Amino acid sequence: MKKEQLLDMYYQMVLIRRVEEAAAELYQQGKIGGFLHLYIGQEAVSTGLVAARQPQDRIITAYRDHGVALNVGISARQVMAELLGKATGISKGKGGSMHMADVEKNFWGGHAIVGAHLPIAAGLALGDQYRGSDGVTICMFGDGATNIGYFHEALNLSKVWKLPVLWVCENNQYGMGTAVERASAVSEIRRKADGYAIPNMAIDGMNVMEVYETAQKALAHVRAAGPFLLEINTYRFRGHSMGDPERYRDKEEVARWQENDPIGIFRRWLLENEKASAETLDAIEARAAADTDDAIRFAETSPEPTLDELFKDIYVEANHG
Amino acid sequence: MAKITMRQAISQALWEEMERDENVFILGEEVGIWGGTYAVTKGFYDHFGEKRVRDTPIAEAVIVGAAIGAAMTGLRPIAEIMTINFAFSAMDHIVNEAAKMRAMFGGQMRVPMVIRTVSGGGRQLGATHSQTPDAVFAHFPGLKVVAPGTPYDAKGLLKAAIRSDDPVLFIEHATMYQVRGEVPEEEYLVPIGQSKIQRPGRDVTLAAYSKGLDLALKAAAQLAQEGIEAEVIDLRTLRPLDMQPIYQSLEKTNRLVVVEEGWKSYGVGAEIAARTQEEAFDLLDAPILRVAQKEVPLPYNSTLEQAALPQVVDVIAAVQEVLR
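Chains as they are written, first to last, in the numbering used here: chain A, 567 to 887; chain B, 1348 to 1671.
Treat the hints as calculated values from the structure; they're not laboratory data. Don't take each hint at face value.
To be verified - The list that follows gives simulated cross-link-like pairs (lysine-lysine, DSSO-like), each with its CA atoms no further than 30 Å apart:
1. 1599/B / 1565/B
2. 728/A / 783/A
3. 1398/B / 725/A
4. 783/A / 671/A
5. 728/A / 1389/B
6. 1506/B / 878/A
7. 783/A / 569/A
8. 725/A / 1389/B
9. 1565/B / 1350/B
10. 1398/B / 783/A
11. 878/A / 1543/B
12. 1398/B / 728/A
13. 1599/B / 1543/B
14. 878/A / 569/A
15. 1543/B / 1611/B
16. 841/A / 671/A
17. 671/A / 568/A
18. 1506/B / 1543/B
19. 1398/B / 671/A
20. 569/A / 671/A
21. 568/A / 725/A
22. 1389/B / 1506/B
Quick caveat, the model's predicted, so the values are computed rather than measured.
Put together the whole structure using the sequences plus the hints.
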């Protein structure tokens, strides 16, 4: 991989971290409403996947979507403005934290009903197959989503129709507060794909280069031969959402995972492999921090949506009561 | 003009739109090799092939979900849900995904999808296979809900639904596939969202749709023999609901009866009565009456089932009541 792309990946991971740390503060100040699910700890997953995709590859994810949003190139300004519910947000302030998308960048959303976007991902992939495009749909979901019927209906159909979809289970070890082994009959999630004869693999999601390299191979497989499931093991350092008392795990467990901070791992890798100097990486971190500050200023000074927006964008054709 | 059945009208609409636009395709249970459980897509698989007439597993959530996704890429899927009772298995995708996809992302996406499904009782299929829950689906902004009562409207509305850039639930009635009506040879569309006078009259207004229209027209024919001229308004679309023809009719009749097959509580009649008293109270000379299904799960036994379903005599009795 070119050095520029590696450094850009590093920038993206740090930017996600900074933007979300800022979002947590703004949430505490009451400036962000609703739910806020932070991606902190999982940055290597979306960063590696997005780096591995081709422009024609679609990506769709669940509600923990700020990472993908920033990876695909939605500006920190538009992400922050959406979190603050402003007219300049990527979804015009109508979606919020869980519903960011940018169709121009082939990012088909943040979806908030657990598992419900898997059938939709099958349909996105069908769209490409129908037209003879070689695009692949990357569908990310949590470990919790593998216990709901949608997962099984979607995997089954994807195999029956040989749809070009890369199923990616981000296993962060807990569905809300319930550990995988307490909710799933099979705790090695990738084995569920065996039931649908879908080839599969489990990898370390704290190492962005492992995610990137495996995703490239998996995408090539899907392009040539149909669906593949990748289980990416990771960990969220923060609660499920803001206000999670975290009674289901102890501080030692969190600390143990934090020693494997994906940003720290990648930084060390870049230094050890002489891809960048410490000064270069420091400068990237400073730029991500500055861009985050700029995004906050932009979002805070952006206008609220006007009331006439209430009845817009509901139908394509004339809006009816 | 040729008289054809409701089944033929729907089938023609699908065939013509598939011939017209490569992006239109059908997916659902038994739509292909079987030819459709109501035989609507008979012959389609052989003509259009398995790419465009796609048999699916019995898995309603992924049928509707995949249709939504394909529509988001610009295709025009027609998802067939064998009966509306099974649509509950896809309820999340219909109401949480299809109906909200555009609004939730600030207008970035469009879902030009049709869900064709079959509603209605009267065939002794028991409680889970006989429901008429059309009003449930009409509750949600973001969806369009169409339920024709004549072959002419079925053909024109289905073609309009397929060309619509918004998600449309297209509800057919299980006992009306053999209903015959005049359908022109030449191409036409019927716009979604317009109610229509199906029979003019001056004494009382009957607002109805789908099977209710059938009952209302039969009642009107009998009432005419007693010298009572009922004006029958066909809603045709439940969302968006066009009330204007009803108000125009009430200018003449000042009396309104609503006929629907679904349960009375929270139903289509409830909505029409509420809107009428909110928007046209001064036009009313009598309480609005609703003819609807009794509040029971439909039994298998035919006598009991028919006792629960609204009948022509119920419509006549309601008309006599509002004219008293």
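A quick look at each hint next to the structure:
Restraint check for residue 1599/B and residue 1565/B: satisfied, since their Cα atoms lie roughly 21 Å apart, inside the 30 Å limit. Distance check on the hinted pair: residue 728/A and residue 783/A sit about 17 Å apart at the alpha-carbon level, within 30 Å; holds. For the proposed pair residue 1398/B and residue 725/A, the alpha carbon gap of about 15 Å is at most 30 Å, so the pair holds. Taking the CA atoms of residue 783/A and residue 671/A, the gap is near 22 Å; set against the 30 Å cutoff, the hint holds.
Annotation: proposed proximity of residue 728/A to residue 1389/B holds, straight-line Cα distance about 26 Å (limit 30 Å). Restraint check for residue 1506/B and residue 878/A: the C-alpha separation of about 25 Å stays at or below 30 Å, so the hint holds. Taking the CA atoms of residue 783/A and residue 569/A, the gap is near 20 Å; set against the 30 Å cutoff, the hint holds. A distance of roughly 27 Å separates the Cα atoms of residue 725/A and residue 1389/B; the hinted pair therefore holds under the 30 Å criterion.
With a C-alpha separation of about 19 Å, the suggested pairing of residue 1565/B with residue 1350/B holds against the 30 Å cut-off. In summary, the hint linking residue 1398/B to residue 783/A is supported, as the alpha carbons are separated by about 28 Å, within the 30 Å threshold. Restraint check: the Cα-Cα separation between residue 878/A and residue 1543/B comes to about 28 Å, which is no more than 30 Å; the hinted pair holds. At most 30 Å may separate the alpha-carbon atoms for a hinted pair to count; residue 1398/B and residue 728/A meet this at roughly 12 Å.
Of the supplied pair hints, the one linking residue 1599/B and residue 1543/B holds, its CA atoms being roughly 16 Å apart against a limit of 30 Å. Taken as a hint, the residue 878/A and residue 569/A pair is broken in the structure, with Cα atoms around 44 Å apart against an allowance of 30 Å. For the proposed pair residue 1543/B and residue 1611/B, the alpha carbon gap of about 23 Å is at most 30 Å, so the pair holds. Restraint check: the Cα-Cα separation between residue 841/A and residue 671/A comes to about 28 Å, which is no more than 30 Å; the hinted pair holds.
Restraint check for residue 671/A and residue 568/A: satisfied, since their Cα atoms lie roughly 22 Å apart, inside the 30 Å limit. Simply put, residue 1506/B and residue 1543/B have alpha-carbon atoms about 18 Å apart, close enough for the 30 Å limit, and the pair holds. With a C-alpha separation of about 28 Å, the suggested pairing of residue 1398/B with residue 671/A holds against the 30 Å cut-off. Using a Cα cut-off of 30 Å, the hinted pair residue 569/A and residue 671/A holds, with the two alpha carbons roughly 23 Å apart.
For the proposed pair residue 568/A and residue 725/A, the alpha carbon gap of about 35 Å is over 30 Å, so the pair is violated. Note on residue 1389/B and residue 1506/B: the hinted pairing holds, with a Cα-Cα distance of about 18 Å set against a maximum of 30 Å.
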